[in-house]
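> If you read the sequences in order, they're chains D and Y. With my numbering, letter number 183 in the first sequence gets 183, and the count goes up by one each step, no holes. With my numbering, letter number 217 in the second sequence gets 217, and the count goes up by one each step, no holes.
If you are wondering where the hints come from, they were derived from the structure by calculation, not from laboratory data. Check before you lean on any hint, since a few could be wrong.
To be verified - For the chain Y half of the interface with chain D, some residues (derived, Cβ under 10 Å), not all of them:
id, residue
1, Y13
2, G28
3, E92
Using N, Cα and C, we set each Cβ at its ideal position, and we do this for glycine too.
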Amino acid sequence: MENGTKIIEIHDLTRKFKQLTAVDSISFDVYKGEIFGFLGPNGAGKTTTINMLCTLLAPTDGKATVNGYDILKQRRQVQRVIGLVFQDPTLDDYLSAEQNLRFHAYAYGVPRSVREERMKQLLELVGLSDRLKSKVSTYSGGMKRRLEIARGLLHHPQILFLDEPTLGLDPQTRFHVWEYIHALRKEEELTIFMTTHYMDEAENCDRIAVIDQGKIVALDTPDNLKGSLGGDVVMLEAEEPENAIHELEEKYNLSPHIQGKTITFNVPHGETFLPKFLRNFQSKLVSVSVHRPTLDDVFLKLTGHAIRDQEAGAWEQFRRMMPH
Amino acid sequence: MEAVSRATWVIAYRDLLRFVQDRPRLIGSFAMPLLFLIIFGAGFNRVIGALAPGVDFIQFMYPGIVAMTVLMSSLMSGLSIVWDREFGFLREVLVAPLSRTGIVLGKVAGNAVIAIGQGFVMLALAPIVGVQLDFILVLKLIPLLLIVSIPLSGLGILMASRMRSQQGFQMLMQIIITPLLFLSGMFFPINNVPVWLEVVSKFNPLTYGVDAIRQVFLSGNASSISVDSSYAFGITVFGHTMGIIEDAIVMAVLGIILLSLAIWAFGRQE
Ligand SMILES: Nc1ncnc2c1ncn2[C@@H]1O[C@H](COP(=O)(O)OP(=O)(O)OP(=O)(O)O)[C@@H](O)[C@H]1O
Ligand SMILES: [Mg+2]
């Protein structure tokens with residue numbers, strides 16, 4: 001992928017809202033045909049970046065090109081080659097699905113010869129063929145989302161921007177959406193630029209940029225990002241935690257964390273480390289587990305909070321405040 | 001050029017489609033003019049009597065009500081933009097490869113069609129209020145209603161480029177539009193009022209739109225009223241009584257100004 005052609009080039013792109021710098025001099029490239037993930041906590045500047053790339057918002061500073069076209073000076077050309085699924089709905093609720101799609105086709109000048117066939121094909125793809133004539137206001141949230149995905153593809157864009165495309169979708173539909181994203185990339189040579197808050201979804205991306213407070217804090221493949229943590233995560237519970245920690249520090253030269261009763265530390269190769277460790281370890285253990293680092297672990301380390309923290313329900317927050 | 005014309009028709013198409021499917025708006029848009037006609041008409045007709053030979057109050061007011069229908073409906077172009085911004089659809093429009101100028105022209109065109117259509121629906125009331133219609137009159141009315149619709153559509157879009165909420169838009173609309181409507185000679189002849197009111201009314205461009213529409217109606221009914229009655233309410237500016245064409249020119253100039261401002265403001269917004 002690294003030696004592919006660049007389809008989006010971003011140089012020192014900045015956007016300020018009064019004093020607030022929502023996007024702070026970011027620079028990176030996206031390659032043709034890749035699925036590029038854009039992750040970050042709420043308010044990090046993801047949507048603002050997408051709005052600039054899709055010509056809705058003028059940058060305060062810096063420049064960017066999409067498919068070689070300047071986002072400020074060649075807006076029309078940029079608009080032709082991109083498809084969008086925004087974070088918030090942008091359908092006309094008072095029109096039917098078919099009318100929404102047809103409006104889009106007219107607006108993008110999709111020739112009549114391909115229009116009807118393409119509409120049919122896309123509606124089948126998102127499983128809405130039987131609800132073609134109903135007003136969008138009668139659709140469920142997930143159905144609207146699927147319709148927006150179909151609409152974003154109607155004019156054969158080269159780049160599809162997806163701002164949290166699977167937000168509010170059930171697991172089954174989420175899985176289907178990912179199926180088409182992969183299929184589309186193959187069939188249509190589509191480049192996908194997406195944001196998500198689901199770390200398991202981010203695994204599907206070829207590369208991931210993590211943005212925090214308007215700045216890019218990491219950009220790499222999911223595997224490399226996880227590798228940067230320094231190995232596998234081992235979690236254990238001991239009868240006498242103090243002794244166990246002492247032993248880990250002295251004998252193995254590790255720096256374990258303790259949270260509640262669980263002791264956590266990183267080792268390069270968990271599966272070969274563990275048998276040796278169990279044979280020699282003196283303190284009594286209650287349980288041991290080892291897992292490969294996840295993107296959640298990466299995200300936690302880079303931004304200082306788990307992505308789930310922000311979405312934790314009231315009950316979760318309440319529970320955390322209570323003494324254990 | 002292609003981007004302008006495509007934008008114009010696609011936006012007009014959607015607004016029309018939306019209008020015919022939105023029944024509450026369809027009904028609501030007739031409510032106010034109808035209410036004015038019934039209440040003022042019934043309330044004042046006996047009291048006031050004939051305003052000029054052969055023209056009683058309700059016949060005087062009726063053309064004003066047709067104008068009002070068109071004016072109110074034209075302003076909706078702005079409300080629909082604010083609505084679309086609030087519900088997100090405006091983003092779909094703004095990221096499409098459509099010229100912003102074309103989008104504004106599309107809004108104006110779509111609304112003009114709707115406004116003229118609504119003005120025509122009001123014509124159904126003509127027999128009830130004792131106004132005769134003929135083919136020529138109706139034909140003359142089309143360009144006139146168009147020329148009255150454009151400045152108001154422009155004003156609506158201009159306001160909408162700044163407003164973020166529907167409540168805000170509606171409040172601004174009340175503040176600006178209510179006085180403009182009441183001071184446009186819609187409800188009373190401005191030749192017969194205190195000087196300050198006359199001066200204010202003559203500065204109100206809508207006065208000329210209302211006057212043009214009224215003149216068309218009254219001259220169309222010339223057989224049933226005395227020769228000079230159609231001019232009895234004419235607007236006199238520097239001793240010159242405005243004719244239909246001159247009234248129309250005033251509206252056209254206003255239309256060009258407001259439309260240009262609307263295109264400028266809409267193109268600048270993010
Ligand atoms: N139109 C605006 N006016 C003022 N501030 C804005 C505007 N749009 C965004 N911001 C601010 O810019 C920052 C970045 O917002 P942005 O919507 O890009 O975040 P995000 O990464 O998309 O977050 P989320 O995950 O919640 O969607 C936030 O602090 C937000 O309040
Ligand atoms: Mg966002």
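> Are the hints correct? Go through all of them and say.
Evaluation of the provided hints:
Taking 10 Å as the C-beta cut-off, the interface hint given for Y:Y13 holds, the closest approach to chain D being about 7 Å. Contact between Y:G28 and chain D, as hinted, is not supported at the beta carbon level, the nearest pair being about 14 Å apart and thus beyond 10 Å. A least Cβ separation of about 4 Å between Y:E92 and chain D falls short of the 10 Å threshold, and the interface hint therefore holds.
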